[in-house]
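**Student:** The chain contents come next:
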Amino acid sequence: MLLEEFTKKFAECFNQTDPAAIKPETEFRKLEEWGSMMALIVIATIDADFGKTVTSDDLKNANTVADLFGIVKNK
Amino acid sequence: MAVFTVPHIKISGISACVPKQTEDNAQFELLPENERALFIKTVGIRFRRVAPAGTTASDLCYAAADKLLTDLGWDRNEIKLLVFITQTPDYLIPNTSSILQEKLGLPKTCMAFDANLGCSGYVYGLSMAGSILQNMPGGKALLLVGDISTATISMEDKSTAPLFSDAGTATALEYTESGKVHFNLQTDGREFDDIIIPDGGYRNRYNPKSEEYIEYEKGIRRNNLQMKLDGVKIFNFALREIALNINTLFDEKQVDRALVDYYVFHQANLLMLESVRKKLKVETEKVPYSLYDYGNTSSATIPVTMVTKLREQLMYSKRHLLLSGFGVGLSWGSAYIETENIVCPEIFEV
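Residue numbers (the numbering used here), protein chains in the order written: chain A, 4 to 78; chain B, 59 to 408.
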């Protein structure tokens, strides 16, 4: 699993946010579109594409997309 | 593993009943307008039915059962078993099934009991009623499954209020020489508090603080007599366990997956169910959804989906169904069942 691929898949979860605006250093919880629905969409995507389970704590403990990638990679 | 087969049973009829009052999540003011659209698209629930004060789950199940027995033309004196699955009984004491036995005009020779189960309740109920009925040659049974979950939620809690809906269902079961149903039932009590009403039982008795509202985060405000639901934990539970449970049933019972006509899931959340469907590598046409119109009706979602989405097929043909219920407990299970020409009145309102 590469950070670049992870970031691309993460960005594709969003509907209203320009995927190009989502980068590894993006603080995703500060995005206007982020909310409980987006959390479920991200969890489902990471489960389907990377076979890893993301918890509520994982999402809270990550500030940036790269942080979340690090957490997921170490599972 | 609780993987087992119950022989000598078949479903003879299914009916479902909902309250008239309908709420539309497109008008759900606790969510901003753009979040409402995303909620409907992602979770898949648009309309919800709400029982008025004074109407109970047993009232809805009674109406469903009365209609079904009339359509079946069954002699009520022949019914030997009534199982009522609910988490919203009429009273804490006594069991609601006794009230239903009398109200439905069933004889004193009918055994009746309640079971407290939610989302897994239909599959568990089939296994309980079936396991008893298989020892009663010529016997007939009623499985009544329903809840008025809307009475248990806070309308100021966006994590529960737009999900839940009310319904009552009745399933008629009969002893038969040839029928059989395979089950795989599971439990994980470590996560018992992922879905919970904390107060009002006997662990945390009702006290004046039970009614105090607490704001857990913006849009999530409730008291301890109302349902808490940890959506992310339940979502992960479903992704982890449901496809595995179904595949284990197929493997242990050597079920040919190509024979399965439909997978009828507990209608919890569209995104969750689509994730499970993809894990199972099942085509979209084989997974009917009723949650857009009827929401999450707790244990009733599986029969509500059968009645609203598969009615004609169930009435006029032979079908192989995989039923899967999962949630509160945590409790989950699947059943593989063959149906043929069952009596299935249209869903109706009271």
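One should not assume that every hint holds.
Calculated lysine-lysine pairs in the DSS-like style (CA-CA distance at most 27 angstroms, straight line) [to be verified]:
1) B:K286 / A:K12
2) B:K337 / A:K11
3) B:K99 / B:K311
4) A:K55 / B:K291
5) B:K339 / A:K76
6) B:K336 / A:K55
7) A:K63 / B:K161
8) A:K78 / B:K291
9) B:K337 / A:K78
10) A:K76 / B:K286
11) A:K12 / B:K125
12) A:K12 / B:K337
13) B:K286 / A:K11
14) B:K276 / A:K76
15) B:K99 / A:K26
16) B:K291 / A:K33
17) B:K336 / A:K76
To be clear, the hints were calculated from the coordinates, so they are not data collected in a lab.
**Student:** Now tell me, hint by hint, if it's right for this structure.
**Tutor:** Right, here's what the structure says about each hint:
1. Using a Cα cut-off of 27 angstroms, the hinted pair K286 of chain B and K12 of chain A is violated, with the two alpha carbons roughly 31 angstroms apart.
2. Between K337 of chain B and K11 of chain A the CA atoms are separated by roughly 22 angstroms; this keeps the pair inside 27 angstroms, and the hint holds.
3. With a C-alpha separation of about 36 angstroms, the suggested pair K99 of chain B and K311 of chain B falls outside the 27 angstroms cut-off, and the hint is violated.
4. A hinted pair counts as satisfied when its Cα atoms are at most 27 angstroms apart, and K55 of chain A with K291 of chain B qualifies at roughly 14 angstroms.
5. Taking the CA atoms of K339 of chain B and K76 of chain A, the gap is near 25 angstroms; set against the 27 angstroms cutoff, the hint holds.
6. Pair hint K336 of chain B plus K55 of chain A holds up; C-alpha atoms about 15 angstroms apart against a cutoff of 27 angstroms.
7. Between K63 of chain A and K161 of chain B the alpha-carbon distance is near 52 angstroms, which puts this suggested pair outside the 27 angstroms criterion.
8. The hinted pair formed by K78 of chain A and K291 of chain B meets the criterion: a straight-line CA distance of about 17 angstroms does not exceed 27 angstroms.
9. Proximity of K337 of chain B to K78 of chain A is assessed by CA-CA distance (about 20 angstroms); at most 27 angstroms being required, the pair is judged to hold.
10. In summary, the hint linking K76 of chain A to K286 of chain B is not supported, as the alpha carbons are separated by about 31 angstroms, beyond the 27 angstroms threshold.
11. Distance check on the hinted pair: K12 of chain A and K125 of chain B sit about 50 angstroms apart at the alpha-carbon level, beyond 27 angstroms; violated.
12. A distance of roughly 18 angstroms separates the Cα atoms of K12 of chain A and K337 of chain B; the hinted pair therefore holds under the 27 angstroms criterion.
13. Distance restraint check for K286 of chain B and K11 of chain A: the Cα-Cα separation of roughly 34 angstroms exceeds the 27 angstroms cut-off, and the hinted pair is therefore not satisfied.
14. This hinted pair does not check out: K276 of chain B and K76 of chain A have alpha carbons roughly 31 angstroms apart, beyond 27 angstroms.
15. Of the supplied pair hints, the one linking K99 of chain B and K26 of chain A holds, its CA atoms being roughly 26 angstroms apart against a limit of 27 angstroms.
16. With a C-alpha separation of about 23 angstroms, the suggested pair K291 of chain B and K33 of chain A falls inside the 27 angstroms cut-off, and the hint holds.
17. Of the pairs offered as hints, the one joining K336 of chain B and K76 of chain A holds, with about 23 angstroms between alpha carbons and a cut-off of 27 angstroms not exceeded.
Hints 1, 3, 7, 10, 11, 13, 14, counting from the list given before, are not met by this structure.
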